[in-house]
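Protein chains in written order, with the working numbering: chain U, 8 to 176; chain R, 25 to 443.
By construction, these hints were calculated from the structure, which means they are not laboratory data.
Just so we're clear, the structure is a prediction, and the values are computed from it rather than from any experiment.
Note that the Cβ used here is the ideal one computed from N, Cα and C, for glycine as well.
Please note that a few of the clues may not be correct.
[Claimed, not checked] If we take Cβ atoms under 7 Å as the criterion, some of the chain R residues that face chain U in the derived model are: (1) I61; (2) P64; (3) L65; (4) E69; (5) A75; (6) K98; (7) S99; (8) D147; (9) S165; (10) I173; (11) T174; (12) D213; (13) Y217; (14) L388; (15) V410; (16) G411.
[Unchecked claim] Simulated restraints, written as ranges between beta carbons of each label pair: (17) R:Q44 to U:G42: 42 to 50 Å; (18) R:R228 to U:I169: 40 to 48 Å; (19) U:L137 to R:Q44: 36 to 44 Å.
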Amino acid sequence: MIFEGTVFKFGRDVDTDVIIPARYLNTTDSQELAGHVMEDIDPGFVGKLKAGDIIVAEENFGCGSSREQAPVAIKAAGVSCVVAASFARIFYRNAINIGLPIMVCPEAAREAESGDLLRVDLDRGEVTNLTKQKVYQADRFPGFMQEIVAAGGLMEKVKEKINQRPGPV
Amino acid sequence: MEMTVTEKILARACGRDQVQAGEFVNARLDLALANDITAPLAIKEFEAAGAGNVWDPERVVLVCDHFVPNKDIKSAEQAKLVRDFARRQGLTNFYDVGRMGIEHVILPEKGLVVPGDVVIGADSHTCTYGALGAFATGVGSTDLAAGMITGEVWLRVPETIRFNLEGTPGKYVSGKDYILYIIGQIGVDGALYSAMEFAGGAMRELSMDGRFTMCNMAIEAGAKNGIVEPDAVTETYCRGRGRRQPVLLASDAGARYSRVIDIDVGGIGPQVAKPHLPSNAVPAGDLAGLKVDQVVIGSCTNGRIEDLRMAAEVMKGRKVSPDVRTIVIPGSQDVYRQAMHEGLIDIFIVAEAAVSTPTCGPCLGGHMGILAAGERAVSTTNRNFVGRMGHVDSEVYLAGPYVAAATAVAGKITDPSGL
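All chains, full assembly: derive it from the sequences and hints.
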């Protein structure tokens, strides 16, 4: 999978409370959540975002709460991919489980600026900053996680198990 | 090969003699937990997968604690979805208004988690149960849905950072001060993907409630789990509570640690973490005189009986400042009742603090104490992120119950020893 989009750059320790504030967690509707994504860190974010754009952040993106509504809102808003120097662990799992493409690439994350055009090649583990004309090698997902991604998310793997259960389910 | 307590628990849960940090394993679950914010998404996934029934109706625990008693129609609709699911599935451990408490207070209290367990919860503070010598970690709703169906979870065995806490704490220093100090030292991603193992003489002396507070905030350093090796304190706590036989495991002398950090608790005074990260910890005295509008005492971090005793010790015979809205939230019905029997509730009400039914409420800016623009709170909760307790321009300072109570009385941030 290859994504190309404009960078929205954030700093370090972007927490899930600013990605989707708890006051909006009284719904699971992904479109409604998407309307408020990043609201408390960049109030104009949703208005500026075009489908396919890319969030780039420094260390520890998605720290804090386990709310899966955070990656759900990012994905539903039309963000194609999140590139960060590192991710908080629950956000990382959630992103993989729901099929939000993410990539760990510290150098690309540090050097990218808002407005840059970025190309992310998930299969090759490569990030290209087209504006700065620079190519970066990203960390590959461990094999165990590649299986989940390849299956189309965690629940697809679980469904395989359900189908193997004896008798009616 | 020598193993840490975390490795031993995970090895046991995947039926192996040993596992090593860095390996991926499928672990059998002893318990899977969700709340009224995270369960609705998990239930959607569960039903979309066509799973039918949960893997074990005694081991899937649902607690409505975040936005209940329901704060608005949408929250009521979400909680109803959880209530209906719990009834349909015949879950024996479903906790709602009147029987409810904050999830991480009631699960240990009711003996649902025992030492040696593997627990996942769709709530980041699930790591609290590490205080019992269990492996417990927060996950998202999809992981939880998978766990509810299969009774398993995939995990990467974490590296362990060992914290050796030695020495004797000063007066007005509690587990909250230890953990704020530690996060201040290592940063909000200082233990990313790792286990934080709290050990040493000062931990052996620390009460169960203090241990829960410390493990609760392991996530605020990015950790996968916090853990304390079970000892006599753990066994006393578990006696008469546990529904299953505890498995008491300890780290081997030669176990491998990614880092060992020695701490003299004698050098830690009452701490306060400034906005907007839990790692911004400073001695409370450094902020003395900063006026506050609200004080919150409660939450999964500090809503247990010992926490209320600390707050009451400071508030007894005093009134809270007329400029400070002070909100005390016992973490469970049992804590509430115990506090009532001990006369603590009376102390709070005479001091002119509000006492609420258990709820996560203001901690995450849900209800029961939302801040306006420009307002400042001192809170015994766990996060002080931008907008966490209300308006994006409000501020949360994190502290333990002693500092919070002293601040409520003085109307400004106060080290209790100076009150």
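Check: Which of the numbered hints above does this structure break?
Finding: Violated hints: none; all satisfied.
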